[in-house]
Amino acid sequence: GESVGLHLPTLSVQEGDNSIINCAYSNSASDYFIWYKQESGKGPQFIIDIRSNMDKRQGQRVTVLLNKTVKHLSLQIAATQPGDSAVYFCAEPSRNAGNMLTFGGGTRLMVKP
Amino acid sequence: NAGVTQTPKFRILKIGQSMTLQCTQDMNHNYMYWYRQDPGMGLKLIYYSVGAGITDKGEVPNGYNVSRSTTEDFPLRLELAAPSQTSVYFCASSYSIRGGTNTEAFFGQGTRLTVV
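In order, the protein sequence lines correspond to chains V and Y.
Here the first sequence is numbered in this note's numbering, starting from 1 and rising by one per residue.
Here the second sequence is numbered in this note's numbering, starting from 114 and rising by one per residue.
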């Protein structure tokens, strides 16, 4: 899975299926995480965020799960659509570097019709 | 609100030329960032600023300079362009309090730079 660190380059899913994109983090003190979507030729756009006092947060068709025990978070997209095809990044502020955002390597989601 | 605005959108430079990538935000964010993104890769932080008058190096600062004279503007300067600087450059801003609340970063649309 992806990390603010490693990345799984490509995830291919069938239209209508659910997608799960993973991200691991190493700093147990991290308390805020953000998922971004980047479509081809565009800048990253905010999808959803989660703070460490939560285990789950839901948006429209997206859910982020945070497992602090294993330092892992995931982005779940329900009923994946062709418009969901993009690169997805997780990011976190780096407490030891002035809260600058650190991005994972990204996962490219490809939706097959 | 326009959000984060970058100019230009595209630019071709010759080796050794210099240029400034402009970035401005109208959200009164204290943090601003410059990232570069090579094809098929993630975002690498070049420089960031936690407020007017303060800048810090990121992961890949060599060959670049920045300034932050106002809250709104955060220009990125390339002094002697090299082919290795061919990339897409993104500016971003966020609101953050050290040790406190953070918000998500908002990104500009990017500047595609080619050095030949």
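Hints in this document: simulated from the structure, not taken from any laboratory.
Wrong hints could be hidden among the right ones.
[What the hints assert, rightly or not] Okay, derived cross-link-like pairs now, EDC-like style, lysine to aspartate or glutamate, Cα gap no bigger than 20 Å in a straight line:
(1) Lys-42/V - Asp-151/Y
(2) Lys-56/V - Glu-39/V
(3) Lys-157/Y - Asp-55/V
(4) Lys-56/V - Asp-151/Y
(5) Lys-122/Y - Asp-169/Y
[Said to hold, decoys possible] From the derived model, a few chain V residues whose C-beta atoms are all more than 12 Å from chain Y:
(6) Ser-12
(7) Asn-18
(8) Gly-43
(9) Thr-63
(10) Val-70
(11) Gln-76
(12) Ala-79
(13) Gln-81
(14) Ser-85
(15) Pro-93
(16) Met-100
(17) Leu-101
(18) Thr-102
(19) Gly-104
(20) Arg-108
Backbone N, C-alpha and C fix where the C-beta goes; we use that ideal spot for every residue, glycine too.
Going down the list of hints, with the structure as the test:
1. The hinted pair formed by Lys-42/V and Asp-151/Y meets the criterion: a straight-line CA distance of about 13 Å does not exceed 20 Å.
2. For a cut-off of 20 Å, the pair hint linking Lys-56/V to Glu-39/V is broken: about 25 Å separates their Cα positions.
3. This hinted pair does not check out: Lys-157/Y and Asp-55/V have alpha carbons roughly 28 Å apart, beyond 20 Å.
4. Proposed proximity of Lys-56/V and Asp-151/Y is contradicted: the alpha carbons are some 32 Å apart, above 20 Å.
5. As the CA atoms of Lys-122/Y and Asp-169/Y are separated by approximately 25 Å, the hinted pair breaks the 20 Å bound.
6. Non-interface status of Ser-12/V relative to chain Y is upheld: no Cβ of that chain comes within 12 Å, the nearest being about 16 Å off.
7. Every CB of chain Y lies more than 12 Å from the CB of Asn-18/V, the least distance being 24 Å, so the non-interface label holds.
8. Remark: the non-interface label on Gly-43/V conflicts with the geometry, its nearest Cβ contact in chain Y lying 4 Å away (cut-off 12 Å).
9. Under the 12 Å C-beta cut-off, the non-interface status given to Thr-63/V relative to chain Y holds; the minimum distance is some 17 Å.
10. The claim that Val-70/V lies off the interface holds: its Cβ sits roughly 22 Å from the closest Cβ of chain Y, which is beyond the 12 Å cut-off.
11. Listed as outside the interface, Gln-76/V is consistent with that label: its C-beta sits roughly 19 Å from the nearest C-beta of chain Y, beyond the 12 Å cut-off.
12. With a closest Cβ-Cβ approach of about 24 Å to chain Y, Ala-79/V is found to remain outside the 12 Å limit, as its non-interface label requires.
13. With a minimum CB-CB distance of about 22 Å to chain Y, Gln-81/V clears the 12 Å threshold, and the non-interface call stands.
14. For Ser-85/V, the requirement that its beta carbon stay farther than 12 Å from each beta carbon of chain Y is met, with the minimum near 15 Å.
15. Listed as outside the interface, Pro-93/V is inconsistent with that label: its C-beta sits roughly 5 Å from the nearest C-beta of chain Y, within the 12 Å cut-off.
16. Residue placement check: Met-100/V does not keep its beta carbon more than 12 Å from all beta carbons of chain Y (closest about 5 Å).
17. For Leu-101/V, the shortest C-beta to C-beta distance to chain Y comes to about 5 Å, within the 12 Å cut-off, and the non-interface label is violated.
18. Chain Y draws Thr-102/V into its interface by the beta-carbon criterion, the shortest separation being 8 Å against a cut-off of 12 Å.
19. Annotated as non-interface, Gly-104/V brings its C-beta within 12 Å of a C-beta of chain Y; the closest such distance is 7 Å.
20. The non-interface label for Arg-108/V is inconsistent with chain Y: the shortest C-beta to C-beta separation is roughly 8 Å, within 12 Å.
Consistency note: the structure conflicts with the earlier hints numbered 2, 3, 4, 5, 8, 15, 16, 17, 18, 19 and 20.
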